[in-house]
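Chemist: For the first sequence, my numbering gives the first residue as 991, with consecutive numbering after it.
It should be emphasised that the hints constitute simulated quantities derived from the structure, not laboratory data.
Even glycine gets a Cβ: it sits at the ideal position worked out from N, Cα and C.
Please note that the accuracy of each hint is not assured.
Using C-beta positions, here's what the derived DEER-type ranges look like [as the list claims (entries may be wrong)]:
#1 K1354 / R1417: 23 to 29 Å
#2 P1225 / G1301: 26 to 32 Å
#3 E1382 / T1207: 25 to 31 Å
#4 E1618 / R1670: 25 to 31 Å
#5 A1295 / T1207: 18 to 24 Å
#6 S1700 / Y1385: 51 to 57 Å
#7 E1314 / R1422: 52 to 58 Å
#8 G1038 / P1225: 55 to 61 Å
DSBU-like cross-link-like pairs, simulated, lysine-lysine; straight-line CA separation at most 35 Å [stated by the list, open to error]:
#9 K1291 / K1309
#10 K1121 / K1651
#11 K1109 / K1121
#12 K1676 / K1530
#13 K1109 / K1338
#14 K1338 / K1378
#15 K1333 / K1362
#16 K1606 / K1676
#17 K1333 / K1577
#18 K1109 / K1430
#19 K1093 / K1291
#20 K1323 / K1223
#21 K1347 / K1093
#22 K1291 / K1323
#23 K1651 / K1637
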Amino acid sequence: MQIDKVYEPQRFEPHWANRWVDERLFHVDAAPGEPYFSLVIPPPNVTGSLHMGHMFEHAIIDAQIRWRRMTGLRTLWVPGTDHAGIATELMVTRQLEKEGVNKRELGRDKFIERVWKWKEEFGGRIVEQMKRAGLSCDWSRQRFTLDAGLSRAVREAFVRLYEKGLIYQADYIVNWCPRCQTVLSDLEVEHEDMPGHLWHIRYPVEGWSVKLVVATTRPETMLGDTAVAINPKDPRAAELQGKFARLPLMERPIPIVLDEMAELGFGSGAVKITPAHDPNDFEAGRRHNLPSIQVIDEHAKMTAAAGEFAGLDRFEARKRVVEELERRGLMEKIEPYSLSVGKCHRCKTIVEPLVSKQWWMSMKPLAAPAIKAVEEGRIQFVPAHWAKTYYEWMYNIRDWCISRQLWWGHRIPVWYCGDCKKITVAREDPDRCAHCGSAKIEQERDVLDTWFSSGLWPFSTLGWPDDTPDLRSFYPTSLLVTGFDIIFFWCARMIMFGLEMMGDVPFREVHIHGLVRDAERQKMSKTKGNTIDPLVINDKYGTDAVRFALLVSAAPGNDIALSESRIDAEKAFANKIWNASRLLFSKPREGPAQSVSLADRWIGSRLNDCAATANKAFEQHRYHEAAESLYHFWWGDFCDWYLELKKFESDWSYAYIVYEKALRLLHPLMPFITEELWHRLEMSGKSIALSQYPQFDAAGEDREAEARLSFVQDIVTEARTLRADNKIDQKRKLDAEYNFEIDGERKVMIERLANIALIYDPAMNRRLRLDIPVDRARLERENKQLELQVVALDRQLSNPEFLAKAPDKVTAGMRAKRAEYETKLAENRAALAG
RNA sequence: GGGCGGUUAGCUCAGCCGGUUAGAGCGCCUGCCUUACAAGCAGGAGGUCGCAGGUUCGAUCCCUGCACCGCCCACCA
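Generate coordinates for the entire structure from the input sequences, incorporating the hints supplied.
Modeler: Structure representation (C-alpha cells):
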C-alpha cells in the first residue's frame, strides 16, 4: 500500500467531498414503519456565507448522523436554507442603494426578481460550503423556505389556523422599524440600556392653582398626550378627579384619570398618557376610552398632529419641545436617567411604537399542548435545564404578530374585496370574492414573518401537506440541534406547529449547543475582527482538524473557546494517525503465523473499551468525551505503546484488523482522513461511512492482557524515569525498556546498566530496585507521608459506621492501598537501613 | 424586578449517580533529529477545586448563605 510522506488534507478532502455528493452516498429511500434516525438542518440564512457557529453546529450534527448511520439505522439529514425575510431584504436594499436604485421606484416584482438572483448566488455559495465540509446530507432532498412545496405548506397552515379562529387581524400597538419600514415581533426587538433623561414637565390644571408635574423620557410624545394619570391612592386624587389638564404647547384640554399605572412615589406621581406611542399608554388608553393621536409617522417624523413641530425628525422634535417648554418655564427639572431602548435586531435603528393594523396569531391555545409535550418528556432538552427557559417563555407567551411590511417572503393568502369589503382566505389564488363573487379582489400586500415558514420546516420539508412516504418514514424527526438564541424564535414555534398540524412533536430531542468564541472568550463578530473564517481555516489545517477541535471542546451546552493553537493540535493528531498508517503500511498485512500476541490481545481490549465509551458518548451528545476517548486510544494506546511493542514482533496481521476498526471508530469525528486511509487499505465497500460502527463486545474484554500489559508499562515507565532522573544517555537503551519478555514465563527481569539495576520479583511484591546511592532525605520525607496515609486509612477502616455504609469495593480498595503503603514503607526502611 | 449558567493548573476547559493519588490540550522546564511522525519521542514542574457554613464514614460534586463574572426575559413613566 502506498501512502504519501506528508499529511496534506487539502489533497484528498475536496476529492471525497465531491465523491460523496456525486455518488449520492447519503441518499436514503423512504420506508414507512422502519426504524430510522432523521434530522432537518436549521436552515442557514441565505444572507451571506457560513461562519464558525454554523461549522460547529454542522460538526455536531454530522458526527451524530454519521454515527447513527453506522449503527445501521435508516438515517436522513435534510439540508436547506432559509429566505430570512428582513435580513435578506435589508441586504439587497442596501446593495441597490449603492447602485443608486431605490427599492420603491424599482417596484415589487423587479425587486423580488433581484432578491432571487441574490439568493441563487449566496444560497449557492452556502450550499457549496456545506458540501465541501463533507456534511452527510441527502442532497436530493434539499429545500428552501420559499420554494413551491413550502409555499403550499405555508398556505395550508395559514388557512387552517385562520379557519380555527387562531389567526386574526387587529389594530394594536406594535414595534415599528422606521428604517426597515416594517413591524417587528417582540422577539425581533433588542433592548439596550442607554443614558437618557427624565424630564419633569409642568401641566397646568384647569381650575387648580398648582401645576401638575409629569415625568417622561420622551418629551416629544407629549404632543400626542390624551390624558394624565395619577394613582387612585394619591392624596390629590379626590381633588383632581374629573378635572382637565391643559396640554402645554398644544393647548388642548386632556382629562385627568385615576390609574394604577401611576406608581406612588415614582417621579412626581403623575404619568402622561400617549396611547399612540407607548405600549403601556396604549393599554391605559383602552381602559379609559381615550382617543389616540399619532404624532410620529412611520418614518419617525412628526405628523401634522404635532402642530408647529410637524415634519421634524423625532429626535430633533425632542430637542425643540424641550427648548420650548424651558422657554415657557414649564420645565420643572431634568434628571439623568438610564433607560432601556428597543432597537431593530437587524439594522439597530431605534424602534418606534406605533398603532397599526396587523395580522396576529393566538398563541395560548397552541402553547398549552406544547408545554405538555415537554413536561411529559415527549421532547427532551439536552442539557435538561433549557426546558426551564422554554417553560418560562411559554407560560408568559403573547400573541404573535405575523405580518411584515416586506416584499421578500410568503405573501399572506388573504384577498380583500373591493366591493363587499370582506376578506377571502384561500389555499389557491382565488379569482373572485368568496362572499359576493366580485372579481375586484386584491391580495394582502404584507408577507409573513420568516419564522412562520421556518416553524413548519420539520414536516414541510418532508412533503406536508401531502401524506408522503417521506413524511410517514421520517416524522417525527429524531433530533434538533440548535443554539439557545432561537429557542423561542424557532424551536418553540416548531413544537407548536408540529403538534397543531401533524398531531405529533416535530422532534424527540433538542440539543442546545453553545457559542463559538475566540481564544479570549469574546464573542466572534465582524466588527471586532476576531472571526475565524471557516473557509480559510479549513484550507489551512484541514476540515478534519477544525471539526475535531470544535467537537473535543463541545461539552454539552457550553460555549467553546476556539483558538488556532487548538486546531493546530488536532492537525497534529491527524498527522499522527497518518504517520502511524505509514508505519503499518510498510509491514506485511498477512502474517506467517496469524498469531495473536499479548500486545494484540491488549490493544483489542483497549479498542473494545474505546468503542463502549464512544457509543455511549454519541448517544448522550457528549462529543467531547467521544473525541477525547478516541484521541487517547489512537495516540496513547495505539501509537505510543502498541506500535512500539509490535516493532519487536513479526506478525502484523492483527494490527491491520485493529487499525481498520479504529478508523471506523474515528470516522464520525474525522470523516475525511478515515475515508482516505480506509480506501488505501483497499477495503471492499463504497465508503467507510457505510460500514458498521464498532460496538462494545463483552467477549472482547481481556482483563488479563490489560493487567499484564499494564505491568509492562509500569516497568518501562519506571525505567525511563530512572534514566531521565539519573541523566543516563538517551542513546543507551535500557534493556529493561525494550528487551524483557512480556509473554513468556520469565518472572524476574534483570538489566544492569551503569549503577542501575531493575528487578522484578513477584515474590517480593516490588517492581524496581535502584542500586544507586540512596537519597536519605527523600526517602525519609516519603516515609513520613506514607505513615500519615496509613494512619488515616486505619482510622477509617476501624470505624464501624464507615464499614457498615461503605461499599465493599471501596473498603477493599482501601485495604489494598494500605498494604501497598506498608510495602513501600518497608522497602524504604530497608533501603535507609542500608 | 424575575430566571438561568459559571467560578478547577499560567491560558482554554473536562471531571457522567458523592468514593483510591482531581485530568486534557496549549504553554513552561530537562534530555533526545531513535529510518512512521521534531506537526515527533521520553521525563518533569505546576491546583488550599471562588469564600463561609452545613449534611455525610467521606464533598470539586449535595444543601444554605455570600462575593464576583456572563446570559436571557420583563410595559416600569
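Chemist: Hinted pair, alpha-carbon criterion (35 Å max): K1333, K1362. Please report holds or violated.
Modeler: holds, 33 Å
Chemist: At the C-beta level, are E1382 and T1207 separated by a distance inside 25 to 31 Å?
Modeler: Given about 28 Å between the Cβ atoms, the range holds.
Chemist: Is K1093 close enough to K1291, meaning Cα to Cα at most 35 Å?
Modeler: The hint holds at about 20 Å.
Chemist: Range first: 52 to 58 Å. Now tell me if the beta carbons of E1314 and R1422 are that far apart.
Modeler: holds, 55 Å
Chemist: Starting from the range 25 to 31 Å, see whether the pair E1618 and R1670 falls in it by beta-carbon distance.
Modeler: holds, 26 Å
Chemist: Within 35 Å, alpha carbon to alpha carbon, are K1651 and K1637?
Modeler: OK: K1651 and K1637 at ~20 Å, within 35 Å.
Chemist: So the hint says 51 to 57 Å: do the beta-carbon atoms of S1700 and Y1385 match that?
Modeler: The hinted range 51 to 57 Å holds for S1700 and Y1385, with Cβ atoms some 55 Å apart.
Chemist: When you check the alpha-carbon spacing of K1109 and K1430, does it fall within 35 Å?
Modeler: holds, 34 Å
Chemist: Go ahead and decide if the range 23 to 29 Å is satisfied by the Cβ distance of K1354 to R1417.
Modeler: holds, 26 Å
Chemist: Holds or violated: are the alpha carbons of K1109 and K1338 at most 35 Å from each other?
Modeler: holds, 23 Å
Chemist: Between the alpha carbons of K1333 and K1577, is the straight-line distance 35 Å or under?
Modeler: Answer violated: K1333 to K1577 is near 66 Å, above 35 Å.
Chemist: Taking 55 to 61 Å as the hint, is the beta-carbon distance of G1038 and P1225 inside that range?
Modeler: holds, 60 Å
Hints 2 and 17 from the earlier list are contradicted by this structure; the remaining hints agree with it.
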